[in-house]
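J.: One-letter residues, chain by chain:
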Amino acid sequence: MSDDVHTSIDNAVKGNDVLLFMKGTPTFPQCGFSSVVVQVLDYLGVEYQAVNVLENQDVREGVKAYSDWPTIPQLYVKGEFVGGCDIVKEMFEA
Amino acid sequence: AKGPVSEAIAEKLTSAFSPVHLEVRNESHMHNVPTGSETHFKVIVISDKFKDARTPIKRHRLVNDTLKEEVAADGPVHALSIVAMTPEKWQAKLEKGEAVGPSPNCRGGDGSLPKRNEA
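Which chain is which? The protein sequence lines are A and B, in order. For the first sequence, the numbering used here begins at 826 and goes up steadily by one. For the second sequence, the numbering used here begins at 297 and goes up steadily by one.
Isolated chain A (complex conformation) (with noise of 0.2 angstroms):
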């Protein structure tokens, strides 16, 4: 990926205690793996930043390459990747 892909995805996570990237936007999920993500979070009440990866190919491809993970949703707290969909059902139902 670009140099500026690159740091913008690397600002996104390093800038903010929570961020996920996903598909669509927190009020318009566009995917129910990203939409479980979202719910989890709010119900929580965590608070987050949404990147919508449909509005970028570039960060799209990028952030798999990123993370070295295949799917979106991924979720990063405190600039470390803590996964995508499944992980966090998991460990919100632990």
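In case anyone wonders, no lab produced these hints; they're calculated from the structure. Be aware that one or more of the hints could be misleading.
Pair by pair, the computed Cβ-Cβ distance ranges are [said to hold, decoys possible]:
#, chain 1, residue 1, chain 2, residue 2, range
1, A, Asn836, B, Gly393, 37 to 47 angstroms
2, A, Ala919, B, Val316, 19 to 29 angstroms
3, B, Lys354, A, Thr832, 24 to 34 angstroms
4, A, Ala890, B, Gly393, 39 to 49 angstroms
Quick list of in silico lysine-lysine cross-link-like pairs, PhoX-like style, CA-CA up to 25 angstroms [what the hints assert, rightly or not]:
#, chain 1, residue 1, chain 2, residue 2
5, B, Lys364, B, Lys345
6, B, Lys338, A, Lys914
7, A, Lys889, B, Lys338
8, B, Lys308, B, Lys345
9, B, Lys338, B, Lys298
10, A, Lys903, A, Lys839
11, A, Lys839, B, Lys354
12, B, Lys392, A, Lys914
13, A, Lys889, B, Lys411
14, B, Lys338, B, Lys392
Ideal Cβ positions, reconstructed from N, Cα and C, are used throughout, including at glycine.
Assemble the complex: chain A is given as a structure, and chain B must be docked to it using the hints.
T.: Then chain B, alone, in the frame of chain A:
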């Protein structure tokens, strides 16, 4: 009938993990893609190989790596839901009467795949 992607996934997971229990569920019918698609999967892999992978992320990464061709950007699989645990954890789950339900409902999709029944 199981399609080629389903078969490839099952074969790779069997070979990598020698699972005591394996399910490869094609969930494409739950999504906005044509009938017969092989784009959305849930895999349940129960194996001793996860003993040393102490966190869910580590276990999921092992599964992702095994299926890296399938989930690549130009590969056939668009979504992959993973249940990966050791036989002990799985046994505990079954004893609690828990089953693995279906993945979340589609929300229409992002438009990148052909739609169900599109001419």
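J.: Hint by hint, note whether the structure agrees.
T.: Now for the hints, and whether the structure bears them out:
A hinted range of 37 to 47 angstroms for the beta carbons of A/Asn836 and B/Gly393 is consistent with their spacing of about 46 angstroms. The beta-carbon spacing between A/Ala919 and B/Val316, approximately 23 angstroms, falls within the hinted interval of 19 to 29 angstroms. For the pair B/Lys354 and A/Thr832, the beta carbons lie near 28 angstroms from each other, so the given range of 24 to 34 angstroms is met. Range check, A/Ala890 to B/Gly393: about 41 angstroms between beta-carbon atoms, so the 39 to 49 angstroms window is met.
Between B/Lys364 and B/Lys345 the alpha-carbon distance is near 18 angstroms, which keeps this suggested pair within the 25 angstroms criterion. Distance hint between B/Lys338 and A/Lys914 is fulfilled; the C-alpha atoms sit about 15 angstroms from each other, no more than 25 angstroms. Between A/Lys889 and B/Lys338 the CA atoms are separated by roughly 19 angstroms; this keeps the pair inside 25 angstroms, and the hint holds. Under the criterion of a C-alpha separation no larger than 25 angstroms, the hint pairing B/Lys308 with B/Lys345 is consistent with the structure, at around 14 angstroms.
Between the alpha carbons of B/Lys338 and B/Lys298 the distance comes to roughly 14 angstroms, so the proposed pair stays at or under 25 angstroms and holds. Distance check on the hinted pair: A/Lys903 and A/Lys839 sit about 7 angstroms apart at the alpha-carbon level, within 25 angstroms; holds. For the proposed pair A/Lys839 and B/Lys354, the alpha carbon gap of about 22 angstroms is at most 25 angstroms, so the pair holds. The hinted pair formed by B/Lys392 and A/Lys914 meets the criterion: a straight-line CA distance of about 18 angstroms does not exceed 25 angstroms.
A hinted pair counts as satisfied when its Cα atoms are at most 25 angstroms apart, and A/Lys889 with B/Lys411 qualifies at roughly 24 angstroms. With a CA separation close to 21 angstroms, the supplied pair B/Lys338 and B/Lys392 stays within the 25 angstroms bound.
Against the hints set out earlier in the document, no violation occurs for any number.
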